[in-house]
Amino acid sequence: MADVQRADGHGADGQRVARHIPDRREGRAARMLKGWEALLVAVAAAIFLVNSFASPYFLDPWNLSDATFNFTEKAMIAFAMALVIISGEIDLSVASIIALTSTAMGYAVQLGFDTPALVTVGLATGLLCGALNGALVTGLGLPSIVVTIGTMSLFRGLSFIILGDQAFTGYPASFSWFGQGYVWWVFSFEFCLFLLFAVVYGVLLHRTSFGRTIYAIGNNPTAALFSGVRVGRVKFLLFLLTGLMSAVAAICLTARLGSTRPSIALGWELEVVTMVVLGGVNILGGSGTIPGVVLAALIMGMVTFGFGLLNVPGIVMSIFIGLLLITVIALPILYGRLRRRVTH
Amino acid sequence: MRTKPAIALEGISKSFPGVRALSKVSLALHPGSVTALVGENGAGKSTLVKILTGIYQPDEGVIRVDGAPTRFPSASSAARAGVTAIHQETVLFDELSVAENIFLGHAPRIGPGLIDWRKMNADARALLARVGADLDPSIRLRDLGIASKHLVAIARALSIDARVVIMDEPTAALSHKEIHELYELVDRLKADGKAILFISHKFDEIFRIADRYTVFRDGSMVGEGLIAETTQDDLVRLMVGRDIGQVFPKQAVAIGEPVLTVSGYRHPTEFEDINFELRRGEILGFYGLVGAGRSEFMQSLIGITKPSAGAVRLDGEVRVIRSPADAIAAGIVYVPEERGRQGAIIGLPIFQNVTLPSLSRTSRAGFLRLAEEFALARDYTARLDLRAASFDQDVGTLSGGNQQKVVIAKWLATKPKVIILDEPTKGIDIGSKAAVHAFMSELAASGLSVIMVSSEIPEIMGMADRVIVMREGRIAARFERDALSAEGLVRAAAGIREAA
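Residue numbers (the working numbering), protein chains in the order written: chain A, 1 to 344; chain B, 1 to 500.
Honestly, the hints are just simulated from the structure, not real lab data.
Please note: incorrect hints may appear among the correct ones.
[Unchecked claim] On the chain A side, residues computed to face chain B include the following (Cβ under 10 angstroms):
(1) 23
(2) 25
(3) 202
(4) 206
(5) 208
[Claimed, not checked] Counterexamples of contact, computed for chain A against chain B with all Cβ distances above 10 angstroms:
(6) 21
(7) 50
(8) 145
(9) 198
(10) 320
(11) 323
(12) 329
(13) 331
Just so you know, even glycine gets a beta-carbon here, dropped at the ideal spot from N, CA and C.
Kindly produce the complete structure, drawing on both the sequences and the hints.
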């Protein structure tokens, strides 16, 4: 990180400091305080407090550990989805990729595959689905919202055809560890995987040149192309990533449930997109951070958990998700207007 | 011609930040007469059209309709006064039918909100017949060619009973045959008593259809009169004859060996048969009218569009360039004309804009090094005298001139051998222009080869060592610096033969 150089003299008006241009106008602390993430931290803290007052069971470590399953699988997809949305695209087929991946693994179980083979089948299915999305978007130049609405129906339709009204069960015990195992004390395998991916995606987006090109494409794909960014290749890789992360989520979810039905993860694409947008990613592309998505995942997980403790019915939860999605799209816009008014 | 003008502009001025687009110009358009408006790019013609059609408000001056002072506070008020414009790209609606396009906003009705379709189609057919177009009024506009769309636009002008018709380069996209049909139509409109303002770069058509001419230069009217009493040479002289007010910081540079050789470059629709050499330390100007194929050729050189044939040699070696990434690797960079769309990435900070094509140099194994990025941004923008509050400022908050400096810095940071600047000073203030020109000279002096695409004659004459003029996708002429003349450039670009 470069040194923060302060403009000499009082008042940082453009004219006076024109000759010496500092790297940054504000220090790291000031930038963090003004960010969307600071707001999310405050919201998360508030929900945490409300929950711990509302229910005596909330602060129990094992209860909290159970609650992480509310968001870990969705959050893993949300990391990849954040990258796709920042690049100006969207992938609405993620929940259907889970269904198809889970179905493929369930089919493989019937053929007698062992756990490593099941994981391989799962990841390969996810990558194939992602490759199809990526090829349609970058190869044929179709809008991703249309392509992935199409493949959303296609992938889930395929798993309906394969499964009909039955369910695949009989997953080996070693496979269920991905959804039910604990690495240490209350820390489940899924939660550890969530933390690992948070770091991996945070580094990928914020610390690598690949991450930088994602922002460039999201803000101006034409200028990015003129600047030598291989726009098509980057977008294709991003769709591969959402496919891959959907497969990872499918492995965890299938292992946790112990069975595959065609309705598995129905409607998850909405929750994943909500999580990404709540995390401060601009739905039109160009901006957003992984720490924001991590905080959004924690918030959504805690809210779901809190509702569960208070015995709020599931339909209220989906009303809440809908309202949350609209609010978080409106909020950054209002917040941006307010900030502009304050700074000018 | 002693008729009363249908519309007259008197002492109109209009300024934009940093530019005086029009300075006390006057223009009178008479019924039944075609007035040609000529001038270089940037002479103020489009500003004038926008004032006539109510899109811009003049800072000073009077618009008179039939002698009475009038204001056009909106486009619809200009339309109500009977002024209509037919643009290069006509403003029509592809998804609507021909009849709907003609009558949009004033369709015949059989009741509140209910359109009388039968009458509308019949009226449309009658209007189309008047402009000599045999079109079905019910087909969608998108199914028509550009010439037919022009006819629809003209029928629309007739339907609102326009008295003043402005045609802004109406023949730019038309074929030979269509142009002749357009001429006949103009004659018919003239016979109908319309006052016509005809804007064109093509001298042959001006002399074919116009009765009067008005010449603009740098926002002022510099001459007017009857076409019958002038010659093409006189008009060219009026267009370009200027005092060289601007001083260009051209340095004497020893021109070296050829760096870039382009041979046989062609494209199915945009350009043909482009051959030239670019030498070390040279500034090669590309002049031509808008649409001559210069930008399209430059973009194919860096792999944005694929040429159908042609070869590029760089330092004697054949290079295959399929994408801008290949071009950057080879050492050819292109600073695009459309700064907002193709150049700057609005939304990203200055330093990230500068380092984007050079990320492989400022990163290690794919991981960013911010300190190196800031250093690179500082190094290259300092040479261009960038004015900014900080390097993490969004490039979109800078003025146009400073954005352009960031974009040029971005390309220089890739350490190219050849830099192509497409209209490098278009739309930026005088101070930034001077900085860009000074810098261009330094680049050439430091051994870079520069291609400068420009439509501004003073810039071409002030900066270029050699000039290639393109017209209709082909190289129309080549000039050495000592043989350069403004009139020669204009003639070559417009396709005017030497006076006998």
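Quiz item: Which hint numbers does the structure go against, in order from smallest to largest?
Solution: 3, 6
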